[in-house]
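S.K.: Please assemble the complex out of the two chains, which come individually in their own frames, going by the hints.
Protein chains in written order, with our numbering: chain P, 1 to 417; chain W, 1 to 445.
Treat each hint with caution, since some may be false.
What the hints assert, rightly or not - Selected chain P positions facing chain W (Cβ under 7 Å, derived; list incomplete): (1) ARG111; (2) PRO123; (3) GLY135; (4) ILE136; (5) THR139; (6) ARG170; (7) SER171; (8) GLY172; (9) LEU174.
As the list claims (entries may be wrong) - Here are the simulated SDA-like pairs of lysine to any residue, each with C-alpha atoms no more than 25 Å apart in a straight line: (10) P:LYS87 <-> W:ASN227; (11) P:LYS116 <-> W:PRO55; (12) P:LYS116 <-> W:GLN322; (13) P:LYS113 <-> W:LEU185; (14) W:LYS402 <-> W:GLU436; (15) P:LYS317 <-> W:PRO417; (16) W:LYS422 <-> P:GLY335; (17) W:LYS402 <-> P:LEU174; (18) P:LYS116 <-> W:ILE293; (19) W:LYS107 <-> W:ASP149; (20) P:LYS116 <-> W:GLY56; (21) W:LYS422 <-> P:HIS206; (22) P:LYS116 <-> W:THR255; (23) W:LYS384 <-> W:GLN125; (24) P:LYS232 <-> W:GLN423; (25) W:LYS198 <-> P:ASP173; (26) W:LYS422 <-> P:VAL265; (27) W:LYS198 <-> W:SER242; (28) P:LYS232 <-> W:GLN419.
As the list claims (entries may be wrong) - Not close to chain P: a few residues of chain W, all C-beta gaps over 10 Å, as computed: (29) PRO55; (30) SER74; (31) TYR79; (32) ASP83; (33) ASN251.
Simulated from the structure, these hints should not be mistaken for lab results.
Glycine included, each C-beta is placed from N, C-alpha and C at the ideal position.
Each chain is listed here by its residues.
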Amino acid sequence: MALVAAAAGWLLRLRAAGAEGHWRRLRGAGLARGFLHPAATVEDAAQRRQVAHFTFQPDPEPREYGQTQKMNLFQSVSSALDNSLAKDPTAVIFGEDVAFGGVFRCTVGLRDKYGKDRVFNTPLCEQGIVGFGIGIAVTGATAIAEIQFADYIFPAFDQIVNEAAKYRYRSGDLFNCGSLTIRSPWGCVGHGALYHSQSPEAFFAHCPGIKVVIPRSPFQAKGLLLSCIEDKNPCIFFEPKILYRAAAEEVPVEPYNIPLSQAEVIQEGSDVTLVAWGTQVHVIREVASMAKEKLEVSCEVIDLRTIIPWDVDTICKSVIKTGRLLISHEAPLTGGFASEISSTVQALAPSPRLECSGAISAHCNLCLPGSSDSPASASQVAVITGTCRHTQLIFCISSRDRVSPCWSGWSRTPDLK
Amino acid sequence: MAVAIAAARVWRPNRGLSQAALLLLRRPGARGLARSHPHRQQQQFSSLDDKPQFPGASAEFIDKLEFIQPNVISGIPIYRVMDRQGQIINPSEDPHLPKEKVLKLYKSMTLLNTMDRILYESQRQGRISFYMTNYGEEGTHVGSAAALDNTDLVFGQYREAGVLMYRDYPLELFMAQCYGNISDLGKGRQMPVHYGCKERHFVTISSPLATQIPQAVGAAYAAKRANANRVVICYFGEGAASEGDAHAGFNFAATLECPIIFFCRNNGYAISTPTSEQYRGDGIAARGPGYGIMSIRVDGNDVFAVYNATKEARRRAVAENQPFLIEAMTYRIGHHSTSDDSSAYRSVDEVNYWDKQDHPISRLRHYLLSQGWWDEEQEKAWRKQSRKKVMEAFEQAERKPKPNPNLLFSDVYQEMPAQLRKQQESLARHLQTYGEHYPLEHFDK
Numbered sequence: 001m002a003l004v005a006a007a008a009g010w011l012l013r014l015r016a017a018g019a020e021g022h023w024r025r026l027r028g029a030g031l032a033r034g035f036l037h038p039a040a041t042v043e044d045a046a047q048r049r050q051v052a053h054f055t056f057q058p059d060p061e062p063r064e065y066g067q068t069q070k071m072n073l074f075q076s077v078s079s080a081l082d083n084s085l086a087k088d089p090t091a092v093i094f095g096e097d098v099a100f101g102g103v104f105r106c107t108v109g110l111r112d113k114y115g116k117d118r119v120f121n122t123p124l125c126e127q128g129i130v131g132f133g134i135g136i137a138v139t140g141a142t143a144i145a146e147i148q149f150a151d152y153i154f155p156a157f158d159q160i161v162n163e164a165a166k167y168r169y170r171s172g173d174l175f176n177c178g179s180l181t182i183r184s185p186w187g188c189v190g191h192g193a194l195y196h197s198q199s200p201e202a203f204f205a206h207c208p209g210i211k212v213v214i215p216r217s218p219f220q221a222k223g224l225l226l227s228c229i230e231d232k233n234p235c236i237f238f239e240p241k242i243l244y245r246a247a248a249e250e251v252p253v254e255p256y257n258i259p260l261s262q263a264e265v266i267q268e269g270s271d272v273t274l275v276a277w278g279t280q281v282h283v284i285r286e287v288a289s290m291a292k293e294k295l296e297v298s299c300e301v302i303d304l305r306t307i308i309p310w311d312v313d314t315i316c317k318s319v320i321k322t323g324r325l326l327i328s329h330e331a332p333l334t335g336g337f338a339s340e341i342s343s344t345v346q347a348l349a350p351s352p353r354l355e356c357s358g359a360i361s362a363h364c365n366l367c368l369p370g371s372s373d374s375p376a377s378a379s380q381v382a383v384i385t386g387t388c389r390h391t392q393l394i395f396c397i398s399s400r401d402r403v404s405p406c407w408s409g410w411s412r413t414p415d416l417k
Numbered sequence: 001m002a003v004a005i006a007a008a009r010v011w012r013p014n015r016g017l018s019q020a021a022l023l024l025l026r027r028p029g030a031r032g033l034a035r036s037h038p039h040r041q042q043q044q045f046s047s048l049d050d051k052p053q054f055p056g057a058s059a060e061f062i063d064k065l066e067f068i069q070p071n072v073i074s075g076i077p078i079y080r081v082m083d084r085q086g087q088i089i090n091p092s093e094d095p096h097l098p099k100e101k102v103l104k105l106y107k108s109m110t111l112l113n114t115m116d117r118i119l120y121e122s123q124r125q126g127r128i129s130f131y132m133t134n135y136g137e138e139g140t141h142v143g144s145a146a147a148l149d150n151t152d153l154v155f156g157q158y159r160e161a162g163v164l165m166y167r168d169y170p171l172e173l174f175m176a177q178c179y180g181n182i183s184d185l186g187k188g189r190q191m192p193v194h195y196g197c198k199e200r201h202f203v204t205i206s207s208p209l210a211t212q213i214p215q216a217v218g219a220a221y222a223a224k225r226a227n228a229n230r231v232v233i234c235y236f237g238e239g240a241a242s243e244g245d246a247h248a249g250f251n252f253a254a255t256l257e258c259p260i261i262f263f264c265r266n267n268g269y270a271i272s273t274p275t276s277e278q279y280r281g282d283g284i285a286a287r288g289p290g291y292g293i294m295s296i297r298v299d300g301n302d303v304f305a306v307y308n309a310t311k312e313a314r315r316r317a318v319a320e321n322q323p324f325l326i327e328a329m330t331y332r333i334g335h336h337s338t339s340d341d342s343s344a345y346r347s348v349d350e351v352n353y354w355d356k357q358d359h360p361i362s363r364l365r366h367y368l369l370s371q372g373w374w375d376e377e378q379e380k381a382w383r384k385q386s387r388k389k390v391m392e393a394f395e396q397a398e399r400k401p402k403p404n405p406n407l408l409f410s411d412v413y414q415e416m417p418a419q420l421r422k423q424q425e426s427l428a429r430h431l432q433t434y435g436e437h438y439p440l441e442h443f444d445k
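This is chain W alone, in the form it adopts within the complex (with noise of 0.2 Å):
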């Protein structure tokens, strides 16, 4: 307060500033609150300066009309390790991986795949009802995976399936939440694809865009407190990053100073909107400073790239309690869902350059080859390996029955209560009266 009155002894013109004034003139915002950003400071109160004082920004003034132009033709670098081939650019970015670690990358890449292709199938067969493949992804989300701690939450979007096939999510859980059977952790409730799980400390997805975007930071916020020595982290689309949740997360995130690591994955469309409809701006790492967090754009096809950036990410959040933005620029290969034709806004030429020239599973499997760790028999024998692993749990979510009617009702609230208990019972007296008409015999008694 007693800034606030000797503020207002100083906004007149600017004569006769008694001594007693001048020493009543203290720096605003040092009243030992910590401020981890020097720059957040501000100058020292004084009328015989002719520097800005106004508490909303750090600036100099300027007597020259000028807009800043915003730089969209010559944008943010693309950070990148490996060339289109897979060879090492510049060896001191070279993450010497061991060969365990690349292979466990490849095989996770190469499985994720695998699976997409089949439950892609299974869908146009009639056998499930909904998929969304993640062709041409794979990289962002390994390359992630491998460099967090197992424990570090994670809020995706729909299309990081890789980060749970990294941390060994089982393809029997994977196919279980497709089919919606009684294996599914999540009772059968959601779309396919909406996958969740709490050993693996990956947050259930949910159909609605950027809603994660928040509630990570406030995961992020919890864990600061707790001391826990964990980063949360959020992946969302380009097209989820235009979201008022998402311009909600990334202000929060830096107000409060949260250990975060925002994952953009910027594939080019959102369904069949292009970028170029989707932001006017130079994509999404440009936002981050914006907010006054630390940004860096990278190759998202590149494994080593996305897990450099994540990595050196996640040891300054967590030391620094700051948020970090990563826009790793990536291709959707395949269709936005099941639902989408995307030849309808594409052309298959542009689909076919991602696919055969710039693909993480190829780039990867290039720097295997050329380190001698992989060959073409190993291939071989890795692709019928893992095929055969899909169909059999594939094979088996099939025979498995749906979920009991009964859990329609159960989870709404911690304790059901007495209208939900009304409702499930009305159900199970219909269901007396009326099964034959419900096809119950898919479900479990």
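Extracted from the complex, chain P is given alone in its bound form (with noise of 0.2 Å):
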């Protein structure tokens, strides 16, 4: 408590002295100045850090899906949403604000285009929203629900959890709602606070019967989405809301499918695995760069992409290959999804290279009530507590043991001191 209330005086510090740009405040800080900064000039690191906490990677061109569009995330998924619509007669979307096209513009045009029987309002009822997309998906058509904030899917968790996820079981496959697709933005966007920041997918995670799916970027969003709309399974669909317009790239125009349950190797590497979904995949992307240019550590970045039912096999057979895994989540720690993974593994993987349980690390956001985008004190806490979100502090921590006293398998490795 006394190290918080330390924390959070430095900060308050910080704050009142003025300083503008996320990188002045953090070498106010003290800490090694020319370590943290990569090649690129301070002024460059200032623009590039001042909105968000990452760098949107985006994948090369899609080639095998033909023609494609520049699309950020919204467009990505409004697109596979058009897509569904056009396919599927009996698909109807529904939500609170989708008339008009969404508070995110997800819907966009789809009213105009399909009619308003088929994306319509509807009361302010999250509850309400998710049993009445049950039903629709009950009688076989397909249904696509809209919570406006993951924050607010928890009146709907009775139904998720009680209901969706256990139809067909409880009625012997005489009933199922699998054509039922909950979509939601989700995670942290810099000045969400408490409730419009949430990662709630470990909640989720503890519920057989559903799947819980979340894209890294508009090309995976709009083929996980188009997967989860057509799996036959009720499906969670967490969108990460700071991608929305953050992320652009090439995007085709006609439906495909990205599989559910695959998690994706990004990058192969040979001394570290680095798991993570969402928007944290492309602070690890970036981890592994600075972890190969500073350190010479090779890195494996997996995007785990589906909570649940989640690849297990994947990220075993990367950690047997590693023998260290590192797991990133925005979520809080405790109960995290970084901690089945990280049990699973221990358990299942028959590795001698896996030295002890220190070698596995989970490194999670800590949701500071109204937090801002800062570094700084996102560094403090990390100090503190072990958490981070930031690309330089994972490295940070990841890389000098002496801010990370919890991350003994760290300081055990020689090479990596």
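M.R.: This is the structure we're talking about:
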């Protein structure tokens, strides 16, 4: 508690100093200046870092799905929804404010194109939205429900966990609601604070019967969303809201599917496996390149993509190869999905290379009330609690054991000192 | 958007409104979006009138401070067709159902009653784990079921077995579900009385209360879109009506214009909680108008009243795509379930009154007798026959094994994911080594 108070005091002093730009605040914190800055100049870094704690890294233009178009995340979601409504005459989209286009513009133009009986507003009631969606799906029609923010999904928790997830099982497969998909904006956006930033995937991971999917990019989002909609099980599709506009890349115009329950190895490596999902994938990608550059460490970067049922084999295979695992997510540490991954890997990976439990680290975001997107505040907290969100800080904690007393595994591996 | 701009111009002290601005004024809501309820359309914008312009309500001003008093002393009247002696009160309300149909109503109710007695006993004897009877509410089930088409989708709560009985769900399957044996279509996964039948359009029951209400609304919406000419009926008790899901369902049904019948069985108790502790307003029927829903209260122990109300509600729900709320007043004669002893919270006299003086089965029997369609001899023969049928099904169900333990893992997803397969294999290995500690002889191999 004293440590937290000290951190808070330090933070206030920094703010009072009126420092502008995140990098300048960080310099004032006394951390090794040159070490933290990437090869580019300080000014470039300040501009690049001012907006977000990561840099979106687009994937190479997909060639196998036909004509592509530059789309951001909300446009790629919109495209997927458009494709779905065109292909499936029973498909309907509903939720709060979807009719005029949605608060994140994911449904713009769809009501005009497909009609008011197919794209419509519901009253402000999440338990009603999901319950209603289940009912549509029970009749065999395709229901695409929107929950305006993942933070507000909890009133629907009963309908999701007790009803949707169990519909097929409890009825002996007489009935099911497999054609239900729930979409919801997810994750940190910088200014969202407690109630527009949450990552609730861990709550749902504990619920057999549903699938939970989180894309890292527009191309991934469209393919994964289409797979969710066509999947014969109720799915929850969390859309990283910070990527809605910030992430743009070439996305096929025609429909295509990316399989569920398959993690993707984005970058191969040999020394450590880094696992993340959603926005955090871009953070660990940067960590990987910094590690390569500064420490000559080769990182294998994996995007989990489906939280449940998750791709145990790909992760285990990678950890058997590298011997070390680092999982990073925005959600709170305790009971976060990293704990499921790390305990499963430890139980299943029968490799002598897996040295000790300290070789698996979970790095998670600490959501402070009213937290702004400030690496300074996060770093100070990270020192105390071992959590962080930013590329620089994961890298810093991973490589400098004196600031991360929890990660004893790191200090034991001499090549990473 | 033009409307918004025009509105912005209007909202200043009401002088000097230009002619051009007046021309820009359009009726909000009249943008080609059809409204089936005329009272939803709003008044023309005009600052020359002193009428309210609020988008949220269509009403006049009043300059007297007056709170609306909820009326619970003389609540919504209860529609009935027969008196307690089974005589038609108002001949114009007599549905004039043919003899076969009325006999089917009677036999469904009595067969259900017989099955209830035997299965309640079987729980007491440790043969099944749990049971819920339907005593006193049989009229609500068969009266409503008889007014529907066979393909109308039913979402129930747990005390609507009579609907399935009326739809000729075989005794063997009722028993199979209660015993959780290999004949159970539900594969033995749920507690007794959680019936479901795809063929008979009866969605499988789940234990959480009122969750079926918004689901039924969604199903009705899909039926409307499919032009299926189907209604969805959703049953629930007056206790479940307190859940948030009930509020959600009512509101969605009204705003989204769904062809659904909300059928509330108000039987006086939610386990031990009497209605005086469940709500303070005039029951459930009075809530309907608050949502914009056509509502009626009926005598649930009068099969013909239930029939008439459901029949008319069905006709209009499908024709007009709007929800209907029927609150059927009745009494739960039995305990809540085999886990309950209701003498702890109500008097035996109260229960006896309903059992003896106002029972749906007796009232219909009086009607049958007065029509000359039934007599004492047929009654005796039917009692014997129905008991025999039930006992046969019961003995068969007793003998059957339980489903294979592998069925613990299937149907969680449509396809079995790798992790579940591993767990299934792990259980299989465990049973190979330690099977002697488990009653495997009762389970299908």
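S.K.: None of the hints should be skipped; say for each whether it holds.
M.R.: Hints, verified against the model:
| no. | hint | result |
| --- | --- | --- |
| 1 | ARG111 | violated, 11 Å |
| 2 | PRO123 | holds, 5 Å |
| 3 | GLY135 | holds, 2 Å |
| 4 | ILE136 | holds, 4 Å |
| 5 | THR139 | holds, 4 Å |
| 6 | ARG170 | holds, 5 Å |
| 7 | SER171 | holds, 4 Å |
| 8 | GLY172 | holds, 4 Å |
| 9 | LEU174 | holds, 4 Å |
| 10 | P:LYS87 <-> W:ASN227 | holds, 19 Å |
| 11 | P:LYS116 <-> W:PRO55 | holds, 21 Å |
| 12 | P:LYS116 <-> W:GLN322 | holds, 17 Å |
| 13 | P:LYS113 <-> W:LEU185 | violated, 42 Å |
| 14 | W:LYS402 <-> W:GLU436 | holds, 17 Å |
| 15 | P:LYS317 <-> W:PRO417 | holds, 18 Å |
| 16 | W:LYS422 <-> P:GLY335 | holds, 23 Å |
| 17 | W:LYS402 <-> P:LEU174 | holds, 19 Å |
| 18 | P:LYS116 <-> W:ILE293 | holds, 22 Å |
| 19 | W:LYS107 <-> W:ASP149 | holds, 19 Å |
| 20 | P:LYS116 <-> W:GLY56 | holds, 21 Å |
| 21 | W:LYS422 <-> P:HIS206 | holds, 17 Å |
| 22 | P:LYS116 <-> W:THR255 | holds, 13 Å |
| 23 | W:LYS384 <-> W:GLN125 | holds, 22 Å |
| 24 | P:LYS232 <-> W:GLN423 | holds, 22 Å |
| 25 | W:LYS198 <-> P:ASP173 | holds, 10 Å |
| 26 | W:LYS422 <-> P:VAL265 | holds, 24 Å |
| 27 | W:LYS198 <-> W:SER242 | violated, 29 Å |
| 28 | P:LYS232 <-> W:GLN419 | holds, 18 Å |
| 29 | PRO55 | holds, 15 Å |
| 30 | SER74 | holds, 32 Å |
| 31 | TYR79 | holds, 29 Å |
| 32 | ASP83 | holds, 39 Å |
| 33 | ASN251 | violated, 5 Å |
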